[in-house]
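Could you put the whole structure together from the sequences, leaning on the hints where they help?
Number of protein chains: 2
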Amino acid sequence: MIHLLGAGSIGSLVAVNLAKGQVPVTLLLRGKEQLNKFTKLGGDISLKSHGETHVANFPAEVEPSSIENLIVCVKCHQIKEAVLKHLPLITPQTTLLVIHNGMGVEEDLLPLWPKASSRPNIVYGLTSLGSKRLPFPWVFEHTGTAPIYLSAHNTQVSNLDLVKSMVRSSSIVASKALPYGDFLTRQYEKLVVNSVINPMTAILGVSNGDLLKFDEGTQLQRLTRESCSILSEYVATHKPEYTQTIQQALDERRMYRIVQQVCKDTASNASSMLVDTENGHETEVDYINGYIVDAAKKINRTAQQNRVMVNLVKMKRAQNKRMLESGYVPTLDLEL
Amino acid sequence: MIHLLGAGSIGSLVAVNLAKGQVPVTLLLRGKEQLNKFTKLGGDISLKSHGETHVANFPAEVEPSSIENLIVCVKCHQIKEAVLKHLPLITPQTTLLVIHNGMGVEEDLLPLWPKASSRPNIVYGLTSLGSKRLPFPWVFEHTGTAPIYLSAHNTQVSNLDLVKSMVRSSSIVASKALPYGDFLTRQYEKLVVNSVINPMTAILGVSNGDLLKFDEGTQLQRLTRESCSILSEYVATHKPEYTQTIQQALDERRMYRIVQQVCKDTASNASSMLVDTENGHETEVDYINGYIVDAAKKINRTAQQNRVMVNLVKMKRAQNKRMLESGYVPTLDLEL
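Here the protein sequences line up with chains X and W, keeping their order. Under UniProt numbering, residues 1 to 336 are what the first sequence spells out, in order. Under UniProt numbering, residues 1 to 336 are what the second sequence spells out, in order.
Keep in mind that the hints were calculated from the coordinates and are not lab data. Treat each hint with caution, since some may be false.
Since copy identity is lost for identical chains, a pair holds within one copy or between any two.
Lysine to aspartate or glutamate pairs mimicking DMTMM-like chemistry, simulated, CA-CA at most 25 Å apart [as the list claims (entries may be wrong)]:
| hint | residue 1 | residue 2 |
| --- | --- | --- |
| 1 | Lys-298 | Glu-216 |
| 2 | Lys-75 | Asp-182 |
| 3 | Lys-213 | Asp-286 |
| 4 | Lys-164 | Glu-233 |
| 5 | Lys-213 | Glu-282 |
| 6 | Lys-213 | Glu-278 |
Given below as structure tokens:
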């Protein structure tokens, strides 16, 4: 039995993909109201993916009687609260798969089980695939061909039933179990890219591709450099077993090329941080630039630029929230 | 004979104030077209100031035959070009008064006269008064009670005819000659305040008072701290004769209190940098945050936050320029 919490753009993709692989998934909805709405609409989720439309039907509930496997696809800052809500049902036999952006979620989750023996199997998921909500209820569109990477610290995840089901179900999106070192390296790479593209697009109110249009491109390069430099030094002291691989990956010139390439490849996309900022919603900046600020503190350095990014994104979001509340209509045509 | 170049909000105030003191001023206009327009409208400048309206009539010309005294009130980045245009008429007998924001204008001007003996008397002016253009041609409004401070490096400015005329004419705004050390101290204080309020309001698109509404107020404090720290160290090596006074003034807690006070006192104002950014015009950021970035380089430090401010302001301005060119109408109701 698999429950899925957070049937947004990534969660719905995961759910439909599992359903197409004949793996039953039950949606865990936030409340009675959401459950009634979903049931009234028939319980279908539609997913457009590379020209095809996949539709699957899901049972849904608010208060499950037990949780064997739980996939969590909410935003970083909502993960802890979402898990807390179902904590009594999460046992050492439960597999908890958390698919998220950013870093620092592990630090939020582990204190929920002070004794390691009471902890569930925690698996982390990471993806660069694109998925967005279309303007119809429970209709999403999947873009890109990136897989979902799955891994865990000190655990061979490929033996877990949930991971086996994810890996076997690959008609829409592939899932791959990765050794933790490789997974962590990809997480750090993605963190650096996000630490540049997300806040810059959110602060300036531009799409990813627009970032390459400025004469002040050096700002992207300088921010990339700070993120790489802090994280490289941080892993040397805090993740010594993976230092070499991660430091090689975080070479600042390599990462700057990747940042530019991602801007090109996703030129017309609005970053999730831009979308959240424009809508006055809380962003994931604490788990992206904020993680780098915290990592810097732990090695007695200061991530000046990342700190400015955290503050400006939060200020921009607060300002947009105030403007929206006073009747302002965003001018941006946002495409995720 | 006094010529005035740059009859914008500050320049017009200076011109009307001199005229009210019976000191004749001739406007130096940019071109024939501007001259025709000004003459057609009758040659009047109106200035509202604390409930009264002052009107004065001015002769204007484009190509003067000689320049005895020249008051320049254009933006920092336009000063050098404006002076260059009239360079052949500027002699060692000329007094050149440059009233401006920011720092670094001296570095632009001095190379125009490689030989010190061919240099005019250069006087610098500094003011925190408020003045804005009203939506009628040649009508301005003066707010605040701040005087105009006048000074020069290695020169007793109070003996200069132009300075005497400025000091004597004080019916609308007072002018005061200051010893260079005191003047420089006020310039650095204003620079710190501007280095915080100007870019932050421009990047976030908010009025001065809005800056105090954010939970992330620490960003103002941190930026103030960086500006104070860099400039204090810079003056110790580059302006040793004024170090003590300036360093006392640039105490970071004192300056942060001043920054907050200015935000309160000018709460509904849009900073000049916000106005320029919103209109897609070139800003003075190179002479404010850019000056601090350069000062940091000269003492082998990096002004990380100020550098980010320079880049983000330029990017924001470029983005607004692109949006304006594609038909975007600014939503802000700007009040200078």
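Does the structure break any of the earlier hints, and which numbers would those be? 4
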